[in-house]
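Spelled out, the chains give:
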Amino acid sequence: MAKITDRSRDIGEFVPRPDDGMIICRCEEVTKGEIRRAVHDGMWTMAEIRRYLRCTMGLCQGQTCSKLVKGIVASELGVPGSELEPATSRSPMRPVEMRVFANEVEAK
Amino acid sequence: MKNTADVIIVGAGIIGNASAYYLAKKGYRVLVLEESDIVGDGGSSRNGGGVRQSGRDPRELPLAMYGIKNLWPTLSEELGRDVEYVQEGNLRLGKTEKHLQILQGLTDRAVKCGLEVSMISGDEVRQINPYLSEEVIGASWCPTDGHANPLYATLAYYAAARRLGVRFITGESVVALKKLRGAVRKVITKENEYEADQVVLACGLGARKIAGTVGIDIPMVSMMLESLVTEAEPVMFGQMLGTAEADFYGHQTKHGSFVFGGTTGLENVVKDNGTPVNCSLAAPSTCRGIIRYVPRLSEAKIVRTWAGWMDYCADGVPVIDTVDEVPGLVLACGFSGHGFGISPAVGTVVAQLVAGEETSCDISGLKYDRFHAKS
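Sequence order for the protein chains is A and B.
82 is the number that our numbering gives to position 82 of the first sequence; each next residue is one higher, with no gaps.
269 is the number that our numbering gives to position 161 of the second sequence; each next residue is one higher, with no gaps.
Chain A with its partners taken away, still in its complex shape (with noise of 0.2 angstroms):
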């Protein structure tokens, strides 16, 4: 679970590369130089990069990104993928109407 991390570690200065325009959140539009540079502002793990850009929050929920996304934060922390935690899934797994989660009990 928890590991002992000094978000001062020197992981070196944004270095600004050709494919930074490349959009990898297609449902929220990010580009990879954002996701890059969130890495430098101090967001090293997937929940913190998804709050801070709101890349994975759109309507796939991340389901097509997500990889993308965690091996972009790894290479530029220097660590391997694995070692980053996904961000948790959110119920429900598919969008629904308020009407039809509201629909839990017969209306009174």
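Any given hint could turn out to be false.
[Stated by the list, open to error] Calculated lysine to aspartate or glutamate pairs in the DMTMM-like style (CA-CA distance at most 25 angstroms, straight line):
1) B:Lys409 with A:Asp10
2) B:Lys294 with A:Glu34
3) B:Lys298 with A:Asp6
4) B:Lys409 with B:Glu341
5) B:Lys110 with A:Asp6
6) B:Lys409 with A:Glu29
7) B:Lys110 with A:Glu13
8) B:Lys298 with B:Glu143
9) A:Lys32 with B:Glu339
10) B:Lys110 with A:Asp10
11) B:Lys362 with A:Glu34
12) B:Lys133 with B:Glu341
13) A:Lys32 with B:Glu192
[What the hints assert, rightly or not] Some chain A residues flagged as far from chain B (calculated, every beta-carbon gap over 12 angstroms):
14) Arg9
15) Arg17
16) Asp20
17) Lys32
18) Arg36
19) His40
20) Gly58
21) Ser66
22) Leu68
23) Glu76
24) Gly81
Hints listed in this document are in silico derivations from the structure and should not be mistaken for laboratory results.
Virtual Cβ for every residue (Gly too), placed ideally from N, Cα, C.
Use these hints to put chain B onto chain A, whose structure you have.
Here is chain B on its own, set in the frame of chain A:
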């Protein structure tokens, strides 16, 4: 790296991060210790985003009013990141005469404290927000209230504090404090020891156990609250909504999605699995509440639900204070589910308490030794 600092803050939620930021601005060397692997993973990223003064206890109202007047309007600029602060008012809605009595009581209390808030009729409510149903017969209206994005605000304070040189260590679980020559000095974690001249406990429920190691007890319990978010909808309204019955509260975000929280009445008896897990009763109950007030949203799709623990204080307002028996210790905990809106003001005040300055707001009602038996 050395394990010392001028000030150690325990807890990297928005209260800890804001305090770290304002202390660093004053020139202090600050170290923040966070038990979780994730910064801001508690209530800071699980709340409804309300930035309101109306409906607050008079004891914490000065913090809310100070923040909305002096800090929130320029916070995005100050932190270098959009925190999506919107000031389009708060409607607290009522559907029955009893609701209106509750709202009138809250309103009278707030007016006495100098807050601009008034009771309005159902028709006036629908002039402000045409999406509200005919069931709404009145509301309290506070035009200077609003909302912001708690995820962005929490992490923006973190990033800004980091830029000012604040050191953050995550996954570092504090187990005890130790005094040296009568004042707080050592912060003991499971594996390490740190030292500082002053220690701020901004770690919610965790503060109870830690403060207990130097003989101080803050009476708070855990209570679970749940929230949900819809997919993006066309822009509908900018107000923060709440109800007299507290069956739901929320707002539409800049992104277009609606974030709503709600209560079921079972918050204080939810099964504790050690991690906040949704109770199957909560989201449906919140949805029913929302649909009755905002029928248009019945077709809106829920994309996520989540839960979080509140550090519910015995009398429902936080403890923000220095401690006579433990010089060097500052407490900022027990926010009872409404800490987000006042967090910039709390960070400011905590920094002032550490610096021994006069505080910008009256916090005399938030002392650590205010809890007494009823007879």
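Do the hints match the structure? See the list:
| no. | hint | result |
| --- | --- | --- |
| 1 | B:Lys409 with A:Asp10 | violated, 43 angstroms |
| 2 | B:Lys294 with A:Glu34 | violated, 39 angstroms |
| 3 | B:Lys298 with A:Asp6 | holds, 15 angstroms |
| 4 | B:Lys409 with B:Glu341 | holds, 9 angstroms |
| 5 | B:Lys110 with A:Asp6 | holds, 12 angstroms |
| 6 | B:Lys409 with A:Glu29 | holds, 20 angstroms |
| 7 | B:Lys110 with A:Glu13 | holds, 23 angstroms |
| 8 | B:Lys298 with B:Glu143 | holds, 10 angstroms |
| 9 | A:Lys32 with B:Glu339 | holds, 24 angstroms |
| 10 | B:Lys110 with A:Asp10 | holds, 15 angstroms |
| 11 | B:Lys362 with A:Glu34 | holds, 19 angstroms |
| 12 | B:Lys133 with B:Glu341 | violated, 39 angstroms |
| 13 | A:Lys32 with B:Glu192 | holds, 23 angstroms |
| 14 | Arg9 | violated, 9 angstroms |
| 15 | Arg17 | holds, 21 angstroms |
| 16 | Asp20 | holds, 19 angstroms |
| 17 | Lys32 | holds, 19 angstroms |
| 18 | Arg36 | holds, 14 angstroms |
| 19 | His40 | violated, 9 angstroms |
| 20 | Gly58 | violated, 8 angstroms |
| 21 | Ser66 | holds, 14 angstroms |
| 22 | Leu68 | holds, 20 angstroms |
| 23 | Glu76 | holds, 15 angstroms |
| 24 | Gly81 | holds, 16 angstroms |
Violated hints for the displayed structure, listed by number in ascending order: 1, 2, 12, 14, 19, 20.
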